[in-house]
Amino acid sequence: MTDVMTRLEPGSRAASRGFSDLTIRNLFIIPTIAFLIIFNVFPLLYSLWTSFTDFRASTTAPANWVGLANYRELLNDPFIWRNFTITAKYVLISVTGQVVVGFGLAMLLNRQIPFKGLITTLLLLPMMLSMAVVGLFWKLLYDPSFGIINYFLGLGKFEWLADPQVALYAVALVDIWMWSPFVMLLSLAGLSAVPKHLYEAAEIDRAGPFYTFFRITLPLVAPILMIAIIFRTMEAFKTFDHAYILSSQPTTELIAIRLYKMAFLEWQTGLSSAFAYIVLIMVVAITNIYVKYLNKAKAR
Amino acid sequence: MKRYVYRLLAGAAALAFMVPAASAQELTIFWAEWDPANYLQELVNEYEAETGVTVTVETTPWQDFQTKAFTEFNARGSAYDMIVGDSQWLGAASEGGHYVDLTEFFQKHDLGNVMAPATVKYYAEYPGNSGNYWAIPAEGDAVGWSYRKDWFEDPEEMKAFEAKYGYPLAVPETWQQLLDIAEFFHRPDENRYGIAIYTDNSYDGLVMGVENALFSYGAELGNYETYEVEGILNSDKAVQALEAYRQLYQYTPPGWSKTFFVENNQAITEGLAAMSMNYFAFFPALVNPATNPNAANTGFFANPAGPDGDQYAALGGQGISIVSYSDNIDESYKFLEWFIQDDVQKRWAELGGYTAHAKTLESQEFRQATPYNEAFYQTMFKVKDFWAVPEYAELLTAANQRIYPYVVGGEGTAKEALDALAQDWVDTFKKYGRTE
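Line by line, the protein sequences give chains A and B.
Per the numbering used here, the first sequence starts with residue 1, numbered consecutively.
Per the numbering used here, the second sequence starts with residue 301, numbered consecutively.
The shape of chain B in the complex, shown without the other chains (with noise of 0.2 Å):
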């Protein structure tokens, strides 16, 4: 029995030599599993042709993709050799050590200029204005909105809209006359609602929808190089534009109290609302009769401006960085210095995917591309983004449990919801030693 014992384990150390070390000629890119991810992973495919370097782009629900990505980085794990991540985590992976540091290869290919300012800013520069890279914007997103064609282009709604405004139904252009129409078409009777917005305050979603009103209405979250909040955050401004955030949930269809991008598509695919709030990434269901039956009734806008003009959007997306713990880091940059090139990320935008290269961006073929590219072109240039500290899901959870409250349930007022939340902020920068 000991020398076939002994046999077993000579066998499985024998097996443990054979497996061959991992290849330096694979390499995985780690995303979130939605539709850019398989646009990227047939531009991978291109990459294979030329290179024989074998590039396979994993993904993970949303849901678990922040856990999954941090739960490998706190592993020191080296499974994914590069991640697509969100710009809010850019603190934590850059301080936590999990990204490389790109401002060198940054500097040599003056990315800075030659990608969009917004997404180098939000999606690869840590901390702000620092001149620190740690990311190559790779997929530009923000929110936009989705719209019924023929509902907004009817003459008998045209007509009575008209008589009850006093200015003609047609796209927004500011938020009072987003709130308008939406108001309009809000009609339970007829199964028939005004607006779709997000309001689920698992993640980020609650606080991205608000961020449209907040920084339309000149708002602001704070000062992102100070981390002073109060008499910002819960300025006269943000307290008007949290309170039409509210004004717009009075409009949206029963039950949408956890609502993200799923729920705002099906807003518009059922007929269910005049106008909803999504991120451009997921607006291709919305052109595709065999997912939309009102495709051809489907139009989109950027979001609208606030009452002083000011008009941003909040911003999605990702950048792709090099993780630290991989093997193949060197391949890696190989691989960036291939997808930063203007053919790849022409290509890139073909095959659907939202480049953030300025050149592309900018061009007619792009913008002309589908009908939701000249608003995304347009919102590209417009768009803020949430804190990308190392606590910045701290942020959020106060940011979810002061605001859900307010907007979905009603209790309090918005100066309330954002002087606690103003304090709330205080308190987490304070206990991390960001301020005094």
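If we strip away everything but chain A, and leave its shape as in the complex, we get (with noise of 0.2 Å):
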């Protein structure tokens, strides 16, 4: 610091405003540090507080303390437990998919094939658009009246939205449809990190594609997989708006619709913290799982 104002030649316009480095690291640093205070910090550690309380915020009355008393209302209310099953399922089949969906379109585009600048812009698309446009337009296309879904597979009126059996199903087609890309992405970074040698030494000792999937492409893309899956997971568990839209099956009513209801329909926020922590709690939880499992695939 002392070395760059040495440095600045007395008198000139520069050292004449005054400002050492570390008032200029201080004016970088605090807005954005009083920023993550305010908007990040205070809100965790405030709505952890209203998360013991019976506080809502639709009401003047003041927040009481309840100890655990959410918490335990919420680990025994039924339709909590079928929330979470449901958002269990459907980030199971969501996730599952994008990773088959994905990887594969990422191993169809790793070779030479003509237009694969323009098909892979193209296959980008979806996860572009807004969550609410597709899921406003993916319920026109599921519609059984004049879905073109319905028309093109010969399903004649099939009730993509309205059977509670299949509702789950249907939205996490559309979260597959727009999120396959997102790890067909990655994986094609990884796809194209395999040194080539490799492939060469495989074909020289006459491997088959199935030994050489397994034991050289499918290991060398894990770690950067296992990112992907982490982020969709991660994703998955947070799904809102395209859910919301689309359905308002019992069977299709994941976590953060219910928390939505919750925090601002009903005004319960003492409870809805209790939840928003729970389901942290779980997030934190599922992603240490993966991320152990990341470091793993590293390692080897």
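Treat the hints with caution; some may be incorrect.
What the hints assert, rightly or not - Covered stretches of chain B, as calculated for chain A (at least 3 residues, CB under 8 Å): (1) 427-433; (2) 626-637.
As the list claims (entries may be wrong) - In silico negatives: residues of chain B with every beta carbon more than 12 Å from chain A: (3) GLY396; (4) ARG546; (5) GLN547; (6) GLN664.
What the hints contain is simulated information worked out from the structure, not anything from laboratory work.
Heads up, the beta-carbon is just placed ideally off N, CA and C, and yes, glycines get one too.
Using the hints, build the complex out of the two chains.
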């Protein structure tokens, strides 16, 4: 810092401004830290406190400390457990679908094909769309009377969203369509980084395509695929927009939808804060498991 | 640099002081985004012409209406001077201190007699029979029915109907007739369906739809004064009513699992259904040939009576309240004084607003103004509403969770659904200390 100051020409305009390096650094850092404290740390701690109270933001009544009552109420509520079960099922279907489709597309694109750049760009389009818009137009695509899905598949008046048993798969299918390109993109990056000489060596050793895939391709792409899975799992847990627009079946009420209703329709602020913390703990726990596997995959 | 920053800060401060304080000559009314809000804007433009006070009707889509209103209330914000809020909000908004108590204003202007009794009871008073008023009935509304006149009047159809059911095909006067007609016209092979009903369980769509059956079958949601639910909500009559609603669902077009006012109007405009349930406020689109190709063949009727002759409909509509945090409360009172005048209410009705003003409602001029006004007039004296307690949203959520799987998914029985719902509501009232 002193060096910089001493290097400045005495009497120059910069020196006359009188800002040291430390001041300049603080000018950049303090607003960011203040922003984080005000908009991230404070709400996080405040919501933790409200999760132990009966606070309702819609009333002027003071918040009363209720200890673990909110957590107990939530964990004893069969509807909440149903929401968790539905969400787990949704995450499993959606992320598995995205990995299979996304990785498959990446494998196809990881070879010389005409218009490869154009095809890749077109395949990436779904994830660039607004989720609400995607929800609205998939609702039209699924329509039993005039939707083109039933028309092309010859399914007549099949009710994708009205059938409680099918609705969750229909919602997950939209998520797969939208986010497979994300997995594809990361997988493509991983595949292009696999050294070519390994495939040449495998070819010389007359290794079959399955052996090459499971012994070379998959292990080397696994770390980056794991990152894609972590991201997609966390996102799938938070799914709200298109699920809310597409269906109001109890069988598609994901935890984010239930949380929204609890917090902003019912104004049960304390209870919904507790719910949000339960979800947070679950997402952190699942992410940790993934990270453990990621580290293992890297170590290999 | 320091000097430059100081100058910049000083400039910003000066600018902040120069911004004029909110003028009392401007009022903002918050409402949902729909045609009546546009009519209200037209009406308040006349207030501006008379008084020089600018009144803006600010709107937001229905889906956000409740959330946005309560977010503003919770922040004690003064963005809105008045709000045309849902009747269910009365408890939450009055107990939360968000609405100005209008009891004195109500009594001074004898609004209990000036406005239609049901609108006073459900749009303005909380708690029930307390004599405390928090809103002025502004937009009266209730659920009614539209139907395809040409289908009903087709001689072949009439003949076939009478042969099958033993009585002539006409506008249904009872729920049994409604069920028969829905069954009769339900012909999926011809892309023609019996009926369109509310099924959306995101907010109050499904519950409002079911209420039309419940109230007309002589059932109640509970005792609004004692909060007693058990044996009332799950009474035999309520079970029959819910079974009837489930039966109606069998005659809806395919994919009718998340439908509210938009879809139910589409059922008529697209020629899908013979009859469609909807709030009267959405009927203007059905008589307009630009929005309904079947406008000339669309008729309207009030919710039919149940087996014992009870005839009630679910209440829609809203009252206008003054927001406690407004900077212009006195000016808002002046606006309300203008709004409740006979000639203003008459003008409100002429513009398309559904006045709750008894004298205007009863006038032949109003009743003959549109093809649906007569049905509206008949309905507005036979309406009932949902709970208006602060925890109404929790009651709605429980109702959606219990009723939807039965009506749409066919899971369990009506009795099981209502027994479970009664227990949920008992627990909710206990939780908030309303019952022991």
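Structure versus earlier hints, numbers of those that do not hold, lowest first:
1, 2, 3
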